[in-house]
Structure formats: C-alpha cells, structure tokens
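**Q** Given next are the chains, with one letter for each unit.
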Amino acid sequence: MMDEQNALINPLQVAGMNLHYYYYPLEYFLDSQLHSGCSTIELWGGTPHIWVDHLSFSNLAHIKKQTKMRNQSIAVFTPEYSSYRYLLCTSDADIHSKSLAYYANCLQITAELGAKTMCINMTGRFCDEDYSDAWKRCTNSVGYLCEIACSLGIDLAIETLSPEQSAILNTLEELKNLLREVRSKQLKVAMDIVSISSSGESIEQWFDAFNEDIVHVHFTDGRNDGSHLVWGDGCFPLQRYLTQLNIQGYKGLISPNLSSRKYFADPVTADKRNQNALNKYFAVEREKE
Amino acid sequence: MKPSIKRSQIANMNTHYKRYSLDYYLDAQQKLGISNIALWAGPPHFWIDYLSYGDCKSLKRKLNSRGLTCVCLCATASQYRNQYCIYEPEHRERSFRYFTNGLKVAAELGCHSFHVNSGWGYKTEQRKDAWERSKDMLIRMADVAQQLQIVLTMECLRPDETDLVVTLADAKRMFTEINHPVLKIMLDTNPMAVANETIWKWFETFGDNIQNTHFIDCTPHGHLIWGDGTMPLENMLLCLNHYNYTGYLCQEITDIRYMQDPMAADLRNMQTLLRYVND
Numbered sequence: 001m002m003d004e005q006n007a008l009i010n011p012l013q014v015a016g017m018n019l020h021y022y023y024y025p026l027e028y029f030l031d032s033q034l035h036s037g038c039s040t041i042e043l044w045g046g047t048p049h050i051w052v053d054h055l056s057f058s059n060l061a062h063i064k065k066q067t068k069m070r071n072q073s074i075a076v077f078t079p080e081y082s083s084y085r086y087l088l089c090t091s092d093a094d095i096h097s098k099s100l101a102y103y104a105n106c107l108q109i110t111a112e113l114g115a116k117t118m119c120i121n122m123t124g125r126f127c128d129e130d131y132s133d134a135w136k137r138c139t140n141s142v143g144y145l146c147e148i149a150c151s152l153g154i155d156l157a158i159e160t161l162s163p164e165q166s167a168i169l170n171t172l173e174e175l176k177n178l179l180r181e182v183r184s185k186q187l188k189v190a191m192d193i194v195s196i197s198s199s200g201e202s203i204e205q206w207f208d209a210f211n212e213d214i215v216h217v218h219f220t221d222g223r224n225d226g227s228h229l230v231w232g233d234g235c236f237p238l239q240r241y242l243t244q245l246n247i248q249g250y251k252g253l254i255s256p257n258l259s260s261r262k263y264f265a266d267p268v269t270a271d272k273r274n275q276n277a278l279n280k281y282f283a284v285e286r287e288k289e
Numbered sequence: 290m291k292p293s294i295k296r297s298q299i300a301n302m303n304t305h306y307k308r309y310s311l312d313y314y315l316d317a318q319q320k321l322g323i324s325n326i327a328l329w330a331g332p333p334h335f336w337i338d339y340l341s342y343g344d345c346k347s348l349k350r351k352l353n354s355r356g357l358t359c360v361c362l363c364a365t366a367s368q369y370r371n372q373y374c375i376y377e378p379e380h381r382e383r384s385f386r387y388f389t390n391g392l393k394v395a396a397e398l399g400c401h402s403f404h405v406n407s408g409w410g411y412k413t414e415q416r417k418d419a420w421e422r423s424k425d426m427l428i429r430m431a432d433v434a435q436q437l438q439i440v441l442t443m444e445c446l447r448p449d450e451t452d453l454v455v456t457l458a459d460a461k462r463m464f465t466e467i468n469h470p471v472l473k474i475m476l477d478t479n480p481m482a483v484a485n486e487t488i489w490k491w492f493e494t495f496g497d498n499i500q501n502t503h504f505i506d507c508t509p510h511g512h513l514i515w516g517d518g519t520m521p522l523e524n525m526l527l528c529l530n531h532y533n534y535t536g537y538l539c540q541e542i543t544d545i546r547y548m549q550d551p552m553a554a555d556l557r558n559m560q561t562l563l564r565y566v567n568d
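First to last, the protein sequences are chains A and B.
Numbering follows this note's numbering, with no gaps: position 129 of the first sequence is 129.
Positions in the second sequence are counted from 1; adding 289 to them yields this note's numbering.
Because the hints were derived from the structure by calculation, they are not lab data.
The beta-carbon is built from N, C-alpha and C at its ideal position, and this holds for glycine as well.
None of the hints are false.
Pairwise CB distance ranges (calculated):
(1) Glu164/A to Arg350/B: 29 to 35 Å
(2) Gln436/B to Leu152/A: 42 to 48 Å
(3) Asp344/B to Glu112/A: 32 to 38 Å
In silico DSS-like links for lysine-lysine, alpha-carbon gap of 27 Å or less:
(4) Lys64/A to Lys412/B
(5) Lys272/A to Lys65/A
(6) Lys349/B to Lys320/B
(7) Lys68/A to Lys412/B
(8) Lys417/B to Lys262/A
(9) Lys307/B to Lys262/A
(10) Lys412/B to Lys262/A
Could you put together the complete structure from these sequences and hints?
**A** This is how it looks when you write it as structure tokens:
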C-alpha cells in the first residue's frame, strides 16, 4: 500500500527520451522503453536516430513503423540544438534563414509523427553582440514558427536555457516578455528544471506566471553547473519538486533530457536508476482495507 | 639544455570562443601576437554542410587584415550529425560529402593539414565491422585530400567516445592498414595521457609521420591551458626538440571553465608557452 501523500505523479506522465542513446540504434532505445513499460516518447531529433537539416529530413516511415509495432506514441519532438548549427537569434542572415527553414522542417516532422508538441529554446546571440537586436530576431523567429505551428495544429513549447548554454532567454522574465510580444495561442511553455534552478527560479513562480501554458517538463536532477543528471546523481530535492508539480495540478509529461555524457555508455542503466528514483512517488490504486 | 619552440608554432584555436563571434576571436589572436591559427570550422563560427560551405574569401580577408594564417582545419565531427564511421548508409554519404567540403575549405584557405579521427560505431555492433567502415571512409578522404594537396592528420579519441582508434597501438594499426601517402598522425596529448602513454613513445613509433599536435595540458582529463593540468611541459618540449619536430602546437582548449573569458585563458596560456619561445 502506498502512502497517499507520497503519491505524487501518475506513471503515465513519464516519457522516455533518446538523447543519451546516441551510441545505440533507435530500435535499441525503443526496445528499452518497451521493457520498462514506457509507451510515451519524446523524440530528440539528432543523428543517428533521425536526419533533419534546413533542406530535408529522413523518411519518417521507419520511425512510425518502429513505434507503432511497439504500441508507442511520440508525444513531443525536440529538435537537436546543442551543436549550435541552427540559431534563431543569430545576426548572420544566411544562417538565420537556414535556421528558420530547419525549425519549419522540424514542425513538419512533429506533425507527421503525430506529436502534439515541439519543444525548442533560443540560441545564437554571441556575448559580444547587442542584446536588443538579438531579442528582435528571437521574437520574429518565434512569431514565424507559431504561424506554421498554427497551420499544423501543433503547440510550440519554449524552454529557457542556462547561461552556460545560451546568451539569451535564460529567465522566466524573458520568457514572459516573449509570450506577451508574440501573442499566439500555439505558443506554450516547457519548463527545464535545470535551467530554472540555474536562474534561481522556482516551480511555483513558473506556474504563477504561466499556469496551464506549461505543457511540458524536462525533469532531471542537477547541480547548478548546467548538467542534466539521473535523479540521485545531483543535489535537487526530488520530493519537493514533485510535490510542487502536484500542488499545481500539472498533468503533462515529465521526461529525462539526460545530456550528460556519462550516461551515453549505458543508457539503459541510467534510465532504470532514474525510474527507480521516481517509482517511489508513483500514484497507485489504494488497496481496499 | 632548455627546450625551445618558435612563436609561429603556437597555433591557437577557437574551440573555447564559441560564446563569442568569430571576429572577437580573430581580434583576440591579433592582440595576443599570434600569426598562425588552427580553425575549428564548426558552428557557430563557420558553416559547412554536405552541399555547401561558408564564404572562404571573406574569411581569408578577415585573416589577412589581422596578419593571421589558418594553417590547419578541423571540420567538427562530434556534433550529433557527421562522423567518420556512421552506420546508416544515407548518413554515411552525407558525412563523406560534408568532410569533403571541409577539405575544400582547407584547400581554399591554404591549410597544410586537415584533422580526422576514426569516428565511432554503435555499441551494439562488432568492433571489426565498425573498424572496416572507418578505414573505408578514411581511405576515401585520403584520396580526396591527395588531389587537393592536403595532409590528413589522424588523432586518437577517448575510450568514452569510441572503441576504434583510442591508443597508440590502435593508431599504428589504422595508419599501417591504410598506408596512404597523405595520411599522417596528429598527436593529441589528452587521449595520450588518458591511455597512460608518453610523448616519447609516440615519437619513437611514428617519428616524422607526426605532422601535427593538439598540445595541451590535462590531468589527464580535460583540455586545459598550460599550468592548469599535470603534464610535464618541459620534458614534452624536450621530446619535440629531440625529434626535430617543426609542426604546430595546436591549442585545443575545450574546458567549460574558459568559455566565459576565453581571451584571459589564452593570455595565461601564452605566458607559460612564451617562456620557451626562442625567436
């Protein structure tokens, strides 16, 4: 029997993510999710699992077939951004137009995979560049992508990044401004626990600001150095964070964007350890006395 | 006798300047009195894809106006996109065309050499299969490099990156099996230290086939500036002198601690290296 106050999340809210399966084939990742009972996927859009650039993308029939035969669904598509190849805030006009085309392709992929949400962030401002010009490119780019998202019926969820990862859109205040300036019903919010922690913000503050616009959560342990860790490998208070999500009535997905290279060698064990840490807080049917 | 190097052998890189513009990096090198750079041609500083590449003429103008020469080039191979041993045939052809474009950039800039590595296979496959695929790619690359009169310098990776070319013995085997006139060796002091090898052993094995180096400090982990790690700088320079090495000492600095103020890191690094400069 589960102590009711520990019943903080529904196991169906936990999605599997393929970022740390970089050294393994897509099928291996999907099999491991199948074995652990995870049927909802957040697909990270990096090679070797998929190819996307500004001109084209992989034939998606293979991915669709592989997920379908395992009764899995892709709920969120998250384009690869950490190579800093495509930059929505860049001052380089050529790379900016390539970046818009890349993210437009990613929206197309999101729709074709049957996912409801695409999750992105903002990069491309250099530390030696003017902030306000980069901000204009940020709002213009997001506005452009929202129009495409609208025509496809997809939510565009934006997350903040820590200052180690980007020199723009690091804080709740900036994200509030972005939502206010772009004003699109497609524009939603993704909350990355590591990023909000590095900005000294709380889950409560984020729900106060965005409430039900928060449609996705990247939920990992951390140690305020930008790293995304398996729960137990960092110093974040898991139970307190889950309690806060629970109090806010969050019903969306939480997923492990485990970008730390130390999990790349054995991602299955990383997932298992992560799941074991979360299991304690799964809501289960109360047994009849 | 105290070892020595020439100032022009110090080839600074832009790997730790990714949060700053390319112009900022180039200005910093001019201020530091550097004449040769080893460009890491990756985003966000320079665009290469499998169909096209950035404006080399404009880049050359930027270099010339600051008295800089780009002596060797690395087209990034660890960015979730292109690498030398990728499994899927469609990704592999794109990777080949991408690296070929990297070679063309190197040729247009007048570089002496282009860095390559073995790449990596899936952890679910046999090492020998990945090895053959890597070899095949490097041979194709070497043929293109030969036409463009560029030397390929192959470096080792760390065991967490690949199980192909990691150690001196792996490098020797790949080098011997490929046996191509333009395939040479890049000595990277970080994987060397991780594998518990010495620079003396590397030069004893490869001699003047070592045509480039990533010559950096480490603990053995990290790609650090000189003084922040535990490597025996003076002894390593003695080895370079002993073997009459006249190539470059590329400063491949990647640790996150230097990203916020890369020029301060370069300055501190130069202060250490300049003690051994004799011209």
